[in-house]
Amino acid sequence: DVKVTQSSRYLVKRTGEKVFLECVQDMDHENMFWYRQDPGLGLRLIYFSYDVKMKEKGDIPEGYSVSREKKERFSLILESASTNQTSMYLCASSFVIGPGQGSSTDTQYFGPGTRLTVL
Amino acid sequence: RKEVEQDPGPFNVPEGATVAFNCTYSNSASQSFFWYRQDCRKEPKLLMSVYSSGNEDGRFTAQLNRASQYISLLIRDSKLSDSATYLCVADTGFQKLVFGTGTRLLVSP
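In order, the protein sequence lines correspond to chains A and B.
Those letters in the first sequence? Residues 1 to 119, by our numbering.
Those letters in the second sequence? Residues 1 to 109, by our numbering.
Honestly, the hints are just simulated from the structure, not real lab data.
A few of these clues could be false.
Claimed, not checked - Derived BS3-like pairs: lysine-lysine, alpha-carbon spacing no greater than 27 Å straight-line:
1. A:Lys71 with B:Lys96
2. A:Lys71 with A:Lys57
3. A:Lys3 with B:Lys45
What the hints assert, rightly or not - Here are the in silico distance ranges between beta carbons for each label pair:
4. A:Thr107 with B:Arg41: 19 to 29 Å
5. A:Pro112 with B:Leu80: 19 to 29 Å
6. A:Pro112 with B:Glu3: 40 to 50 Å
7. A:Met54 with B:Ser26: 20 to 30 Å
8. A:Ser80 with B:Asn65: 18 to 28 Å
9. B:Ser81 with A:Glu79: 21 to 31 Å
10. A:Glu62 with B:Ser108: 41 to 51 Å
11. A:Leu41 with B:Tyr70: 40 to 50 Å
12. B:Glu15 with A:Met54: 43 to 53 Å
What the hints assert, rightly or not - Some chain B residues near chain A, calculated using beta-carbon distances under 10 Å:
13. Gln38
14. Pro44
15. Arg66
16. Leu97
17. Gly102
By construction, the Cβ of each residue, glycine as well, lies at the ideal position given by its N, Cα and C atoms.
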């Protein structure tokens, strides 16, 4: 079974703090993704990575950065947390179908999510 | 306009009913489509992929209409355990999935 784990289920931070969210997958997937999910807005892609040390901006990258030093681990960093970053953060991973950056993804497997509250 | 649009519901149906959800997408370049299921306070999980010829898996049938750019999900003989939010998803290529906001289904005894 594919397993995607996230470092925390619940996290409370203060405005201005630097926040690290970690995600680990055990299926040797090339792709890893960070989403946030908000009521009425659905899942929105923040960043994704298709290989170690490679990253691409998603739809809402502002205020976030990522790090992928190892294939199994993808970290999301909030450089200076703000209240509008209070959300559910979901990590996902998948294989790539076909070569190159333009390929379609295989099924995405999600971690359990981290509910982040910024006070 | 959102790239993937769904009726948020909720759809309230009795056990045993048949229920259908539609979803429209705006990017005609989208190649693949999926339905994910998300239970309350849980992560999304793949329910089924949507193939151009339609796809059936037990009580669930998914269909794709490229000309009208919509995807449907039909659930027959609804069970209480089918209560969840169903997310319509389009693969726009370049390893990006676009998620709809979800349709909530409530199945009652």
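Quick rundown of the hints versus the structure:
1. A:Lys71 with B:Lys96: holds (18 Å)
2. A:Lys71 with A:Lys57: Judged against 27 Å, a Cα distance of about 18 Å means the pair holds.
3. A:Lys3 with B:Lys45: Satisfied, since the Cα-Cα distance of roughly 12 Å is no more than 27 Å.
4. A:Thr107 with B:Arg41: 19 to 29 Å: With Cβ atoms ~22 Å apart, the hint holds.
5. A:Pro112 with B:Leu80: 19 to 29 Å: holds (23 Å)
6. A:Pro112 with B:Glu3: 40 to 50 Å: Violated, since A:Pro112 and B:Glu3 (Cβ atoms, about 26 Å apart) do not stay within the stated range.
7. A:Met54 with B:Ser26: 20 to 30 Å: At 28 Å between Cβs, range holds.
8. A:Ser80 with B:Asn65: 18 to 28 Å: violated (46 Å)
9. B:Ser81 with A:Glu79: 21 to 31 Å: This hint is violated: roughly 42 Å between Cβ atoms.
10. A:Glu62 with B:Ser108: 41 to 51 Å: Holds - the Cβ-Cβ distance for A:Glu62 and B:Ser108, about 42 Å, lies within 41 to 51 Å.
11. A:Leu41 with B:Tyr70: 40 to 50 Å: violated (21 Å)
12. B:Glu15 with A:Met54: 43 to 53 Å: holds (48 Å)
13. Gln38: Holds - the Cβ of B:Gln38 comes within 10 Å of chain A, reaching about 9 Å at its closest.
14. Pro44: holds (5 Å)
15. Arg66: For B:Arg66, the interface hint is violated, since the closest Cβ of chain A sits about 16 Å away, which is over 10 Å.
16. Leu97: Given a least distance of 6 Å, the restraint on B:Leu97 holds.
17. Gly102: holds (6 Å)
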